[in-house]
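In the order they appear, the protein sequences are chains A and D. Residues 1 to 315 in my numbering are what the first sequence lists, from first letter to last. Residues 1 to 249 in my numbering are what the second sequence lists, from first letter to last.
Incorrect hints may have been included.
Derived CB-CB ranges, DEER-like [stated by the list, open to error]:
no., chain 1, residue 1, chain 2, residue 2, range
1, D, T222, A, S137, 28 to 36 Å
2, D, A245, A, R110, 52 to 60 Å
3, A, R113, D, I125, 40 to 48 Å
4, A, R110, D, L136, 32 to 40 Å
Covered, in the sense of this in silico footprint (three residues per stretch, anywhere, with C-beta under 8 Å from a C-beta of chain A), are these stretches of chain D [said to hold, decoys possible]:
no., region
5, 11-25
6, 177-184
Please keep in mind that the hints were generated in silico from the structure rather than gathered at the bench. Keep in mind the model is a prediction, meaning the values are calculated, not measured. Glycine included, C-beta positions come from ideal geometry on N, C-alpha and C.
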Amino acid sequence: MENMIEVKNLTKRFAGCAAVNDVSFTVAKGEVVGFLGPNGAGKSTTMRILSCYLPASGGEAKVAGFDVFRHSLEVRRRIGYLPESTPLYPEMRVDEYLSYRAALKGVGSRRRRARVDEVKELCGLTDVGRRIVGQLSKGYKQRVGMADALVHDPELVILDEPTIGLDPNQIRQVREVIRNLAPKHTVLLSTHILPEVEMTCQRVLIINRGKIVASDTPDKLRTRLQGGREIVAELRGAGADAAQALQQLPGVSKVTTEPDGEWTRYILECGAEDIRPLVFAAAAKSGWTLRELRQEKQSLEDIFVALTRTEQEAK
Amino acid sequence: MNVFFTLWRREIAAYFLSPIAYVFMIFFLLIMGLNFFGVVQALAEGGGNIQVMQAFFTWIFFWIPMLVVGPLLTMRLFAEEKRSGTIEMLMTAPVSDTAVVLAKYFGALVFFVITWLPTLAYVAILKACGAADVTLDYSSILTGYLCTLLVGALYLAIGLFCSAMTKNQIIAMIMGFVLVCGVFFAGIIFSFISRSDSARDIATMFCSVQHMMDFARGSVDTRPVVFYVSSSALLLFATVKLVEARKWK
């Protein structure tokens, strides 16, 4: 597959302090990639370099095969970028603003009207076209910024925290918009909201202290970090020997119990193999009542915390 | 080129979308009206052998707003974009730094011309009041306006340069005002205090008051034209470099 973004040994120093330190990654065409990291990890800086706003101190970055420094205009033609704080001209009307931005980005005058209407529809701005940008709420401004990023139908969309300041309904809409972009456009988005990444992104890049600490699908990250899986079974009528019996099951390394009223929760740490059917069979054989049997998924949040914390502790 | 016109149109529109432009125009025209009134009155009481519009272009009330207008019209242009962050949107669009600087500059220049247009009414008033054609020399009035445009072009370029240096409009305004005053008064002072003739000649080259007197009299010298155009171009070049400077950090 062709690469949309190619970043090699990218470094950016501000007054001697490295904000991005020797970062390398690639994003394939048509991928939706989430960019995660704690505050000040270098997400925005990386995005600003990719969108040609800041130059790198070292290394190279290419978008669609063009170097961001040497062929900056070519790169900028192919990028739709939404900066973190969504800066807009407050004195303009939404229609005016979008049509101005479309013209700037080279959308021909004949197609402009139709494009503006399309992105307004896409971002739920149809009713506010005549409103003045400065008087819109934060959520609407955010959507105007999104519409602006998409107005010239760019190959690559870079969104720096696109859902910040939106209410849950709006967040859902934005997610929908991002998901619909996927096959045709490549998307790189940064966010703090982790479930968001799990829902919208095919791949996650976790960056911490200017370095990429993980890059994989959320699922693979999970198994890689966890090593094995965790199975939770809630049983009633099982005596003290139940823990012992469960311990005998193949692959189980540890069993912890938690009483919950007359029920008891057994947490089994086991290997890569799914032993849920065996747990059920054991319960049926011994006549225990089984209320719940599930495989615990480690959330992306745990992965995030684990990765960024170990990294910090290592320093 | 299309991009330049798109940017340029927005810059001009931005002046009229804010109330400050109208407030500014009112004060500007008020002072110009005062200037015109004062000149007419002084001459009616038996001023020297000088035409009304010639006196208009050289009186002190002409120069006071001229010194302020450049920095005032340009202080917002880059400082505000930097403060609000819209510069990031602007510079990540496929536009060259030069196009942005030129669009902002020519936008300001157009607004400058527009603020001057109503003063043409003074000529019409003189004509309507039956001033003889001897006292209304149209070609020298035209050259007077030409010199106003040239001086304005330089002061706007100074203001734009200062605006590109900072995020703060007030700082841009003060820096611009100091520089404009520096250029203006250096020309006057050195052309008076210089002992040697050659030093005085050089100082006269920079003296806007002297240029204005010549042009308003109808005497067009190409040297001031070259001076204003080239120094404005130099400042615009420096402004482009300032805008690019974010890439050197």
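Next item on the list: State the violated hints by number, sorted upward, taking the hints as numbered earlier in the document.
Entry: 1, 2, 4 and 6
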